[in-house]
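J.: The primary structure of each chain is shown beneath.
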Amino acid sequence: MKKFIKLFSLILCVSFLFNSCRNPAYELNVLFDADVIQYKATLILKDATGKTLPNNIAVSISGTDAAAIYDFSGTKAIFAPAGVITLGVAPKLVPVSGKTLSFNVGITAPGYESKNIPVTIAFNQFSQVINVTMLQTVVNTPASSVATKDITLGVDGKSTVVTSFSTPNTGTVAQSTTITVPAGVQFKSADGTILTGGSVSAQAINFSSASPAALALFPGGKLSGDNVVGADGKTGTSFFLPAGFTDIQMFVGGVEVKNFSTPIAIGIQLDPTFKPQGTGAALKAGDVLSIYSYQTATGQFKFETTGIVGYDAANKLSVTFSTNHLTVFIVGDVVNTTTCKAPKVTYVAPWLNGSSAPLTVQILSADGAKVLASNTVLVTDGKVDSFVGLPPVAVKYQVLDASNTVLATGTIADPCAGADIVITVGTPANPVQNVTLQLNVVCPGKGSIVVPNFDLFYKVAGAPNSTYALLGTAVKGQIKTALLKVGSSYDFRATWKNEIKVVNNRLISSIDLSTTVDQNGYLGDKSPNGNKALLIEACKTQ
Amino acid sequence: MLMGMHVNAQTAKTEIDSAARSKFYISAHVATQGVGLELKYAPVAAFNVRVGASMLPFKTTGVYSVRSEPTDISLKAEFSNAHAMFDWHPFLKEPSFSRKIIVTAGAAYFWKDRGDAVVSYRGTYNYGDIPISSEELGQLYGSVRWNKVAPYLGFGFENAFPSKKFNVGFAIGTYYMGKPDVTLTGTKFLVRNNSNEAQFRENMSYYQFLPVLQVNFNFSL
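As they're listed, the protein sequences go chains A and B. For the first sequence, our numbering assigns the number 1 to the initial residue and increments by one for each residue that follows. For the second sequence, our numbering assigns the number 1001 to the initial residue and increments by one for each residue that follows.
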């Protein structure tokens, strides 16, 4: 009897133990999808002359939908490690059908012209790449030339003599800007205070609007503006066709001059190949062009006046006008695009086979002579995008790969008509390999985690840092690309928050490369201890 | 626990002979497997046959930590079965309390044998400075299904010769439910947790027995 009770007690205890010895949640790790931010915009900053950008780049977000914009890492503070700004839209504030987000990205760096980049993110426009060219204020580039001048002031803050100075003609910049400051002019700060001091430090940057490189230096980084006050006083969107533009800045004792007590004269030499929209013929004396100003702080273009084209003392076509304030001045034609409907573009590239490739999409004038817009598009087969902000005039388009090989070309009769466009991207001449890179991360005490999305840049192993180019966005740790070749070695660079991670001289040994980073396993070849510390720190936020 | 039952079971007296005893009983029970009714037929004192049904509608919510993450877990279990049991009084001739011991074997058909859990993150998750509410994060849905037919083995204490119209019995045993079918799916930002399904299945594979603690309230007919 006692044996019987013991036996049954044992059986039942075992059954209870079976039901309690394993927590149902044992080894379960709640994984939050790192793909929190669905909409992103990547701004890639580059020095106009290829120089390395400083580390202390300051980024600010302003404008209508600034509240929706975060660093891609989820912080309100925006970072620019290695000159890469990656922005994301908060999940609750994403664009919806009929509601496009608009905001401005302010970029300042010591010794560089400040930038105010308008960005729009439309419904289903999940990713975009914006190239931003940073211009050192006192350095000539292939598309710009700089002149500086000290203007002597009297004790009353008035200029003592007539001062005139011009930007130089260089091998690539054939036009110049001339500034003439009469005697007796007082210089005012933004709040209207008359500035006094020994002298005014003046500088002018003249841009060669005929140069394709000048496109990236145009205010806002593109020829379209979404905050343009026209001649009728109404604010809307417009497309600029510049015949010339210049940026003039003056400082007294480090305080920026914004206004003058009496106007100063500005003469801007014009691109002789420019064809006014009104005539369609080559620019000539007597043509009338619009003059707009641009304020970097607000990102707003504003109609100032019109100018009659004439010949200056150097016998070059130019427009001369007077102004009582300082800013960027643009001379040319301006086409209102407020009622434009952007065409939807579908890329067909079956050779990508699930991979992505950053391709350059250029919009050219109908005769192909001028680049009107240039964007990097991370193309996948079937990707849908739109050509936003183009003028209602016939244009050409072309799609280029990294080696500037034209993969597609075509025409658009009216880019404002909203017609659907299908672009079939030709297969590059070189054999295409679709290489997959997969990064898995095991967090200490948490197991495998979902790797946050990040942009990955690459260059040929050992090449200068200035040759880093966008490889694509790693989604959930995976990137599939047509840009890498099996058997070649590359340097890779990723940015996240304010951190830069570099993996040098990595051989692409097979078409599928998978790496698992683990505290107790692989931690990289170069600095495993540093990577371990980085891993532990990063895992705290997972 | 077994000792406690032992004490309770000793309170009953069994002093009538087998010829005078009732052969049919209706029994209500309250058990860990639910509440239910049974009809019992005892053709001879040493053996009973019971057929009946039990139902367990069970819902609960609680706060649990899954690894280090605070979560709200809503559990819903439904066990409804029809069963047939055979009781044997192996020590009926013993003079002591042990004569009340019954050994039970049987089987049940579960027309409901499922457990569902909904797991949601408790509070607000911050992705950097972006607050994401529990609703926005999504939920994890876990579902467990066992075999429809499950054998039962157990023992209990019951008077084979009840002197009164009403008597109380106890049973303790377990159903063998087999390895359950398990699914685990996540929604929204938790969709990647589908990869946890294999681990969850492994964890739930330990839950092959449905233990039963049962109190019977018997009425002789």
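Accuracy of the hints is not assured; some may be wrong.
[What the hints assert, rightly or not] Quick look at which bits of chain B chain A covers, simulated, 3 or more residues with Cβ under 8 angstroms:
#, region
1, 1105 to 1113
2, 1129 to 1136
[As the list claims (entries may be wrong)] Computed list of lysine-lysine pairs in DSS-like fashion (alpha-carbon distance at most 25 angstroms, straight line):
#, chain 1, residue 1, chain 2, residue 2
3, B, Lys1188, A, Lys99
4, A, Lys40, A, Lys302
5, A, Lys92, B, Lys1188
6, A, Lys383, A, Lys275
7, A, Lys497, A, Lys92
8, A, Lys480, B, Lys1188
9, A, Lys497, A, Lys76
10, A, Lys341, A, Lys396
11, A, Lys302, A, Lys344
12, A, Lys316, A, Lys275
13, B, Lys1165, B, Lys1112
14, A, Lys476, A, Lys501
15, A, Lys396, A, Lys76
16, B, Lys1188, A, Lys40
17, A, Lys383, B, Lys1188
18, A, Lys396, A, Lys344
19, A, Lys234, A, Lys99
20, A, Lys459, A, Lys497
21, B, Lys1188, A, Lys476
22, A, Lys76, B, Lys1148
23, A, Lys40, A, Lys76
Don't read these hints as lab results, they were simulated from the structure. Just so you know, even glycine gets a beta-carbon here, dropped at the ideal spot from N, CA and C.
J.: If a hint holds in the structure, say so; if it does not, say that too.
T.: Results of checking the hints against the structure:
1. 1105 to 1113: violated (count 0)
2. 1129 to 1136: With 4 residues close enough to chain A, the hint holds.
3. Lys1188/B with Lys99/A: Distance of about 23 angstroms is within 25 angstroms: holds.
4. Lys40/A with Lys302/A: This hinted pair is violated, its Cα atoms lying about 30 angstroms apart.
5. Lys92/A with Lys1188/B: Holds, at about 13 angstroms.
6. Lys383/A with Lys275/A: Distance ~35 angstroms between Lys383/A and Lys275/A Cα, so the pair is violated.
7. Lys497/A with Lys92/A: Distance of about 21 angstroms is within 25 angstroms: holds.
8. Lys480/A with Lys1188/B: Judged against 25 angstroms, a Cα distance of about 24 angstroms means the pair holds.
9. Lys497/A with Lys76/A: holds (11 angstroms)
10. Lys341/A with Lys396/A: Holds, at about 17 angstroms.
11. Lys302/A with Lys344/A: violated (29 angstroms)
12. Lys316/A with Lys275/A: It holds: about 16 angstroms lies between the C-alpha atoms, which stays within 25 angstroms.
13. Lys1165/B with Lys1112/B: This hinted pair is violated, its Cα atoms lying about 33 angstroms apart.
14. Lys476/A with Lys501/A: Judged against 25 angstroms, a Cα distance of about 17 angstroms means the pair holds.
15. Lys396/A with Lys76/A: Outside the cut-off at roughly 39 angstroms; violated.
16. Lys1188/B with Lys40/A: OK: Lys1188/B and Lys40/A at ~18 angstroms, within 25 angstroms.
17. Lys383/A with Lys1188/B: holds (23 angstroms)
18. Lys396/A with Lys344/A: With Cα atoms ~15 angstroms apart, Lys396/A and Lys344/A stay inside 25 angstroms; holds.
19. Lys234/A with Lys99/A: It holds: about 21 angstroms lies between the C-alpha atoms, which stays within 25 angstroms.
20. Lys459/A with Lys497/A: Judged against 25 angstroms, a Cα distance of about 21 angstroms means the pair holds.
21. Lys1188/B with Lys476/A: Status holds; Cα separation ~15 angstroms.
22. Lys76/A with Lys1148/B: violated (55 angstroms)
23. Lys40/A with Lys76/A: Cα-Cα ~14 angstroms, so holds.
The structure does not agree with the numbered hints 1, 4, 6, 11, 13, 15 and 22 stated previously, though it agrees with the rest.
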